[in-house]
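Protein chains: 2
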Amino acid sequence: MLTFKQLEAVFWVAQLGGFAQAAQKLHTTQSAISKRVQELEALFDTPLFDRTLRTARLTAKGEEMVAIARRLLEQRDGAVQQFSKPQVTERLLRIGVTELTAMTWLPRWVSLLKKDHPGLLIQPSVSDSQDLRESLLADEVDLIVVPEAYIDNRFTHRKVGNVENAWMAKPGLLPQRKSRRLHDLSTQTILTQGPRSGTGLAFRQWAQRTGFQPDKTIVSNNLLAIIGMTVSGLGVSHLPRNCLQPMIETGLLEVLKVTPALPDVAYYAAHKQEQRSTWISSVALLAGESCDFNRSFQLPLQVSGA
Amino acid sequence: MLTFKQLEAVFWVAQLGGFAQAAQKLHTTQSAISKRVQELEALFDTPLFDRTLRTARLTAKGEEMVAIARRLLEQRDGAVQQFSKPQVTERLLRIGVTELTAMTWLPRWVSLLKKDHPGLLIQPSVSDSQDLRESLLADEVDLIVVPEAYIDNRFTHRKVGNVENAWMAKPGLLPQRKSRRLHDLSTQTILTQGPRSGTGLAFRQWAQRTGFQPDKTIVSNNLLAIIGMTVSGLGVSHLPRNCLQPMIETGLLEVLKVTPALPDVAYYAAHKQEQRSTWISSVALLAGESCDFNRSFQLPLQVSGA
DNA sequence: CATTCTTACGTACTGCGTAAGAATG
DNA sequence: CATTCTTACGCAGTACGTAAGAATG
Numbered sequence: 001m002l003t004f005k006q007l008e009a010v011f012w013v014a015q016l017g018g019f020a021q022a023a024q025k026l027h028t029t030q031s032a033i034s035k036r037v038q039e040l041e042a043l044f045d046t047p048l049f050d051r052t053l054r055t056a057r058l059t060a061k062g063e064e065m066v067a068i069a070r071r072l073l074e075q076r077d078g079a080v081q082q083f084s085k086p087q088v089t090e091r092l093l094r095i096g097v098t099e100l101t102a103m104t105w106l107p108r109w110v111s112l113l114k115k116d117h118p119g120l121l122i123q124p125s126v127s128d129s130q131d132l133r134e135s136l137l138a139d140e141v142d143l144i145v146v147p148e149a150y151i152d153n154r155f156t157h158r159k160v161g162n163v164e165n166a167w168m169a170k171p172g173l174l175p176q177r178k179s180r181r182l183h184d185l186s187t188q189t190i191l192t193q194g195p196r197s198g199t200g201l202a203f204r205q206w207a208q209r210t211g212f213q214p215d216k217t218i219v220s221n222n223l224l225a226i227i228g229m230t231v232s233g234l235g236v237s238h239l240p241r242n243c244l245q246p247m248i249e250t251g252l253l254e255v256l257k258v259t260p261a262l263p264d265v266a267y268y269a270a271h272k273q274e275q276r277s278t279w280i281s282s283v284a285l286l287a288g289e290s291c292d293f294n295r296s297f298q299l300p301l302q303v304s305g306a
Numbered sequence: 307m308l309t310f311k312q313l314e315a316v317f318w319v320a321q322l323g324g325f326a327q328a329a330q331k332l333h334t335t336q337s338a339i340s341k342r343v344q345e346l347e348a349l350f351d352t353p354l355f356d357r358t359l360r361t362a363r364l365t366a367k368g369e370e371m372v373a374i375a376r377r378l379l380e381q382r383d384g385a386v387q388q389f390s391k392p393q394v395t396e397r398l399l400r401i402g403v404t405e406l407t408a409m410t411w412l413p414r415w416v417s418l419l420k421k422d423h424p425g426l427l428i429q430p431s432v433s434d435s436q437d438l439r440e441s442l443l444a445d446e447v448d449l450i451v452v453p454e455a456y457i458d459n460r461f462t463h464r465k466v467g468n469v470e471n472a473w474m475a476k477p478g479l480l481p482q483r484k485s486r487r488l489h490d491l492s493t494q495t496i497l498t499q500g501p502r503s504g505t506g507l508a509f510r511q512w513a514q515r516t517g518f519q520p521d522k523t524i525v526s527n528n529l530l531a532i533i534g535m536t537v538s539g540l541g542v543s544h545l546p547r548n549c550l551q552p553m554i555e556t557g558l559l560e561v562l563k564v565t566p567a568l569p570d571v572a573y574y575a576a577h578k579q580e581q582r583s584t585w586i587s588s589v590a591l592l593a594g595e596s597c598d599f600n601r602s603f604q605l606p607l608q609v610s611g612a
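Quick mapping for you: the protein sequence lines, in order, are chains A and B.
Numbering of the first sequence is given in our numbering, commencing with residue 1 and proceeding in unit increments.
Numbering of the second sequence is given in our numbering, commencing with residue 307 and proceeding in unit increments.
Hints are computed from structural coordinates only; laboratory data are not their basis.
Backbone N, C-alpha and C define an ideal beta-carbon position, used for all residues, glycine too.
Among the hints, erroneous ones may be present.
[Unchecked claim] Heads up, incomplete: computed chain B residues facing chain A, CB under 7 Å, no partners named:
| no. | residue |
| --- | --- |
| 1 | R377 |
| 2 | Q381 |
| 3 | G384 |
| 4 | A408 |
| 5 | L412 |
| 6 | H423 |
| 7 | P424 |
| 8 | L426 |
| 9 | I428 |
| 10 | Q429 |
| 11 | V432 |
| 12 | L480 |
| 13 | S526 |
| 14 | S538 |
The task is simple: from the sequences and hints, build the whole structure.
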């Protein structure tokens with residue numbers, strides 16, 4: 001069983017360069033530290049320190065473990081700190097959105113919020129849907145806007161908009177044709193988002209259902225990166241249609257008519273049902289009013305000179 | 307002391323709706339679960355379950371704790387799984403970049419990589435600099451491109467480029483003037499990135515040194531969101547200059563001449579020094595060749611209709 | 001009165017510290 | 001031969017299981 005004590009041991013040994021120093025730091029003895037490290041080594045059946053030298057030197061696996069330990073310990077300390085502080089400032093509104101929202105209607109929403117609630121401190125953070133959902137559960141944000149799939153009974157939610165998707169590619173990448181079947185795409189490199197993203201998840205599930213299995217894929221966790229790589233002709237991707245209209249009109253992207261068509265994705269604003277709820281509800285309402293995934297935005301990326 | 311056992315207890319009690327079920331799941335007794343939960347409640351001096359009901363119901367704080375527990379346990383399991391798998395596929399290249407890189411020269415880099423290494427599976431992930439650094443340490447990515455501040459002795463690194471920053475705002479937001487002092491900005495709302503971002507960190511340190519203390523700030527973790535809000539006139543921000551040239555030319559943004567000037571930020575490609583290094587080095591070299599933060603890209607955002 | 005959680009108590013065991021041992025430079 | 005980590009061993013405290021108690025619906 002992995003424990004924090006073990007992680008603390010390897011971390012501080014690595015940090016301070018010795019078992020003795022780590023022992024002092026953790027208010028225990030060298031012996032205990034040695035044991036905890038050995039437990040960890042036994043657990044994963046791999047040495048973490050090079051014992052041939054007199055002084056403790058990390059192995060490659062040890063380096064990795066230290067990095068993992070640092071992360072887990074930071075997570076723990078952060079969680080403790082967050083949980084310990086009794087209340088968040090009342091005039092701070094932390095909203096979480098995905099990239100697509102950030103690119104389209106976030107500014108308008110913030111703008112309306114500032115007008116309706118002057119003096120309010122707004123903190124918009126952008127992340128993938130799964131991260132946002134977890135942040136909301138852990139009370140790290142007050143309200144999120146995510147695809148339907150990430151909505152949960154525990155949240156109060158309200159639909160804010162719909163996103164229409166389409167297959168896109170660099171014009172000329174594929175032979176010109178009126179329309180095509182999904183199968184025709186499977187030899188192409190498919191650019192898609194990771195499983196932590198709403199669009200990525202929806203696409204994966206849809207691909208599963210339709211039995212679509214592309215040969216090659218490039219996976220990224222970032223919409224803009226996908227768009228950029230698509231524009232550069234690195235592959236075919238499924239992208240929000242309407243907001244990319246200008247890029248289609250200027251000939252940077254081409255919409256591919258493919259059957260069956262990609263599904264729409266519905267977006268919801270969600271927050272916890274608590275005391276602040278009534279107030280937060282008005283924020284969610286404003287989200288619904290300002291939401292517009294179809295507003296066009298222009299070429300966000302250079303065309304690669306490859 | 308917070309332990310995984312305690313977290314597992316509250317998590318599974320919440321998940322399965324009872325102490326007895328959780329006990330079964332964790333191969334122990336109700337009594338032990340009860341104790342672990344009580345330890346946690348004592349640790350934070352707050353009830354996690356409502357004991358007035360016959361069946362276990364979470365309190366508000368309990369909900370929060372469950373979310374925190376879920377996250378920490380997921381982190382742990384992920385770490386274990388990652389550490390347990392002996393080796394990553396040799397033909398998979400996982401690169402980590404910041405948003406700015408994703409928006410400017412990532413597609414070109416990927417394009418060159420595909421040309422030089424056909425058949426290579428490329429996985430670009432986009433995140434903040436601190437995240438990327440941690441991911442590299444934990445062997446979750448093979449190579450990252452981040453600002454100088456996040457480079458570490460443990461990494462092999464190579465400079466790839468330089469980013470020139472400037473103060474920007476929506477034209478007309480501030481009274482027209484040839485040039486201004488930093489002090490003149492302190493009454494404006496400052497849009498800036500969070501402390502986990504390279505630019506955000508550099509700015510904070512710089513602000514500290516120059517004694518700049520803005521009245522109001524809007525903090526986000528996303529460059530695109532900052533740009534969007536700036537274009538919408540929500541405040542003044544420090545942004546990469548050259549790549550936003552088209553937005554300046556089309557009158558969406560205005561560069562403010564302010565003394566003292568904002569510092570440049572140097573970007574480096576970094577990777578661990580290991581067996582694969584020689585190969586990875588060539589990837590880093592290509593990064594240096596394709597890097598160009600000054601390539602213009604056009605308006606990535608709608609103008610807010612607020 | 002059945003179900004669900006808490007409390008009490010005796011036990012087993014894990015993890016700790018002391019101190020001696022091994023290895024290195 | 002001093003320093004650094006490991007091993008051995010006995011001890012102590014912790015966490016556990018059993019079983020009885022309290023509270024709820």
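Taking the hints in turn, this is what the structure says about them:
no., hint, result
1, R377, "6 Å, holds"
2, Q381, "5 Å, holds"
3, G384, "9 Å, violated"
4, A408, "4 Å, holds"
5, L412, "6 Å, holds"
6, H423, "13 Å, violated"
7, P424, "11 Å, violated"
8, L426, "10 Å, violated"
9, I428, "6 Å, holds"
10, Q429, "5 Å, holds"
11, V432, "3 Å, holds"
12, L480, "17 Å, violated"
13, S526, "5 Å, holds"
14, S538, "4 Å, holds"
Taken one by one, the earlier hints fail for this structure at numbers 3, 6, 7, 8, 12, listed in ascending order.
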